[in-house]
Amino acid sequence: MKRLIKRKDLKENMIIYGDVLTTYGTILVNSGTVVDNRVLKLLENNNIYEVRILDTSNEDRRLEGLETHLKEIRKTTKFKEINHKYTLCYSNIQGQFNDVIARDKKVNKEEIISGINTVLHKVDNTNELFDALYGMQLKQNRMYMHSLNTALISNVLAKWLKFSEKEINDITLAGLFHDIGMLMMPEEILQKKEDELTKEDKDLLQKHTIYGYRYLMKRELNRQIGLTALTHHEKVDGSGYPLQIMSPTICTYSKIVTIADAYDELTLTEDGARNPFSLIREFEKDGMSKYDTQYIMVFLTGIMDTYIGCDVLLSDNRVGRIIYINKSDMSRPTLKCGEEFINLSEKKELQIIKFV
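Counting in this note's numbering, the sequence shown runs from 58 upward without gaps.
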């Protein structure tokens with residue numbers, strides 16, 4: 058169903074229905090575009106006061122009673138086993154962080170790696186790991202959960218890149234500790250929502266990279282672990298922070314952790330309405346200029362292959378199953394909807410809204 062809506066009532070993640078034209082008749086926003094802050098600014102700057110959107114509030118009754126992919130994952134014995142090990146590892150990590158920060162204890166690298174490996178050893182392949190992480194519901198402290206997820210994803214990417222076992226362990230630790238500086242931020246700022254943060258708040262939060270670096274460099278850890286805390290928000294084109302450095306200056310571990318960090322930030326949401334294809338689109342759009350080309354291509358290929366067989370909701374309310382990843386257009390796979398095959402690379406008006 059489509060409906061006309063005033064620009065002031067537009068919300069992020071709504072779907073534009075029909076091309077939005079400028080006063081000169083050129084296309085400003087394509088049909089099927091997912092509304093984000095960039096789209097909202099485009100409409101405002103071009104004095105567009107109303108647009109049509111695709112109304113997905115009342116999903117097709119065919120969805121009723123559908124065994125969704127996430128529900129299926131959470132019912133399996135394998136997921137419950139992984140979730141149990143994950144919960145134990147999470148508790149251990151939380152305790153380790155408290156010991157390191159509050160009690161100024163030495164980082165127990167062996168115990169941390171052993172705990173993370175108990176989670177990894179429960180999965181038979183990377184598909185199971187990403188399915189499990191995708192199926193996790195946000196019931197824990199977000200910072201600790203994000204740190205553990207980033208460590209796990211960094212571990213997988215380091216293995217795909219064929220690093221040595223010692224390097225993989227250090228990269229895993231770099232992923233775990235990349236945001237440790239956030240524990241040194243004022244609690245009242247951490248409790249604020251994004252739209253509540255002042256410029257001063259944002260400037261202070263960016264300093265978590267410096268605080269984390271200074272703290273970790275005092276520890277008996279690989280130097281790149283501390284450098285990762287400092288540079289995990291840097292981009293290879295120099296557009297990141299806090300130093301605005303470019304690719305040759307960013308350490309190897311940081312280039313890997315940055316990708317894992319970005320992926321988990323997208324998928325770790327409160328309501329489970331996670332859409333990794335949004336991140337893949339961002340990587341395809343400008344990721345090659347912001348992330349290490351070799352590392353991001355290995356990651357995209359590896360991660361997209363884990364989605365084959367998943368069910369997704371399209372912007373026209375149909376549900377389809379991913380059957381093929383288009384390597385030249387990875388965020389737009391080929392689906393099977395009933396008896397129909399839909400190549401999203403050719404059907405630009407359709408978007409994947411979320412997994413179901």
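Hints listed in this document are in silico derivations from the structure and should not be mistaken for laboratory results.
Here the structure is a predicted model, which means the values were calculated and not measured.
Where a beta carbon is used, it is the ideal one built from N, C-alpha and C, also for glycine.
Heads up, some of the hints might be wrong.
The list that follows gives simulated cross-link-like pairs (lysine-lysine, DSBU-like), each with its CA atoms no further than 35 Å apart [said to hold, decoys possible]:
1. Lys216 with Lys256
2. Lys405 with Lys137
3. Lys137 with Lys179
4. Lys256 with Lys128
5. Lys166 with Lys250
6. Lys411 with Lys249
7. Lys68 with Lys384
8. Lys264 with Lys249
9. Lys264 with Lys219
10. Lys249 with Lys219
11. Lys256 with Lys65
12. Lys132 with Lys259
13. Lys347 with Lys132
14. Lys98 with Lys63
15. Lys63 with Lys264
16. Lys98 with Lys264
17. Lys142 with Lys128
18. Lys250 with Lys223
19. Lys132 with Lys163
20. Lys223 with Lys275
21. Lys250 with Lys162
22. Lys65 with Lys275
23. Lys63 with Lys223
24. Lys163 with Lys98
25. Lys179 with Lys132
26. Lys347 with Lys65
27. Lys223 with Lys404
28. Lys65 with Lys223
29. Lys68 with Lys256
Restraint ranges, calculated between C-beta atoms of paired labels, are given here [what the hints assert, rightly or not]:
30. Arg60 with Lys256: 52 to 58 Å
31. Lys384 with Asn70: 23 to 29 Å
32. Asn165 with Lys384: 40 to 46 Å
33. Ile62 with Lys223: 30 to 36 Å
34. Ile246 with Thr144: 25 to 31 Å
35. Ile302 with Glu244: 29 to 35 Å
Quick rundown of the hints versus the structure:
Taking the CA atoms of Lys216 and Lys256, the gap is about 39 Å. The hint is violated against a cut of 35 Å. With a CA separation close to 38 Å, the supplied pair Lys405 and Lys137 exceeds the 35 Å bound. As the CA atoms of Lys137 and Lys179 are separated by approximately 10 Å, the hinted pair is consistent with the 35 Å bound. Between Lys256 and Lys128 the CA atoms are separated by roughly 40 Å; this puts the pair beyond 35 Å, and the hint is violated.
Straight-line distance between C-alpha atoms of Lys166 and Lys250 comes to about 33 Å, which keeps the hinted pair within the 35 Å bound. Using a Cα cut-off of 35 Å, the hinted pair Lys411 and Lys249 holds, with the two alpha carbons roughly 26 Å apart. A threshold of 35 Å between alpha carbons decides the hint, and for Lys68 with Lys384 the separation of about 31 Å falls inside it, so the pair holds. In summary, the hint linking Lys264 to Lys249 is supported, as the alpha carbons are separated by about 17 Å, within the 35 Å threshold.
With a C-alpha separation of about 33 Å, the suggested pair Lys264 and Lys219 falls inside the 35 Å cut-off, and the hint holds. Taking the CA atoms of Lys249 and Lys219, the gap is about 40 Å. The hint is violated against a cut of 35 Å. Pair hint Lys256 plus Lys65 holds up; C-alpha atoms about 24 Å apart against a cutoff of 35 Å. For the proposed pair Lys132 and Lys259, the alpha carbon gap of about 40 Å is over 35 Å, so the pair is violated.
In summary, the hint linking Lys347 to Lys132 is not supported, as the alpha carbons are separated by about 38 Å, beyond the 35 Å threshold. About 14 Å separates the Cα atoms of Lys98 and Lys63, which keeps this hinted pair within 35 Å; it holds. The hinted pair formed by Lys63 and Lys264 fails the criterion: a straight-line CA distance of about 39 Å is larger than 35 Å. Of the pairs offered as hints, the one joining Lys98 and Lys264 holds, with about 28 Å between alpha carbons and a cut-off of 35 Å not exceeded.
Distance hint between Lys142 and Lys128 is fulfilled; the C-alpha atoms sit about 19 Å from each other, no more than 35 Å. Taken as a hint, the Lys250 and Lys223 pair is broken in the structure, with Cα atoms around 38 Å apart against an allowance of 35 Å. Restraint check for Lys132 and Lys163: not satisfied, since their Cα atoms lie roughly 39 Å apart, outside the 35 Å limit. A distance of roughly 21 Å separates the Cα atoms of Lys223 and Lys275; the hinted pair therefore holds under the 35 Å criterion.
A distance of roughly 32 Å separates the Cα atoms of Lys250 and Lys162; the hinted pair therefore holds under the 35 Å criterion. Distance hint between Lys65 and Lys275 is unfulfilled; the C-alpha atoms sit about 50 Å from each other, more than 35 Å. Under the criterion of a C-alpha separation no larger than 35 Å, the hint pairing Lys63 with Lys223 is inconsistent with the structure, at around 56 Å. As the CA atoms of Lys163 and Lys98 are separated by approximately 48 Å, the hinted pair breaks the 35 Å bound.
Between the alpha carbons of Lys179 and Lys132 the distance comes to roughly 16 Å, so the proposed pair stays at or under 35 Å and holds. About 32 Å separates the Cα atoms of Lys347 and Lys65, which keeps this hinted pair within 35 Å; it holds. As the CA atoms of Lys223 and Lys404 are separated by approximately 45 Å, the hinted pair breaks the 35 Å bound. Our distance criterion of 35 Å between C-alpha atoms is broken by Lys65 and Lys223, whose separation comes to about 53 Å.
Between Lys68 and Lys256, the direct Cα distance comes to roughly 23 Å. Compliance with the 35 Å bound is thereby established for this hinted pair. Arg60 and Lys256 have their C-beta atoms about 36 Å apart, which leaves the hinted 52 to 58 Å range violated. For the hinted restraint 23 to 29 Å between Lys384 and Asn70, the CB-CB distance of approximately 27 Å keeps it satisfied. Checked against the given bound of 40 to 46 Å, the beta carbons of Asn165 and Lys384, roughly 42 Å apart, stay inside it.
Range check, Ile62 to Lys223: about 55 Å between beta-carbon atoms, so the 30 to 36 Å window is missed. For the hinted restraint 25 to 31 Å between Ile246 and Thr144, the CB-CB distance of approximately 28 Å keeps it satisfied. Between Ile302 and Glu244, the C-beta spacing of about 30 Å keeps the proposed range 29 to 35 Å intact.
Hints 1, 2, 4, 10, 12, 13, 15, 18, 19, 22, 23, 24, 27, 28, 30, 33 from the list above are not met by this structure, while the remaining hints are.
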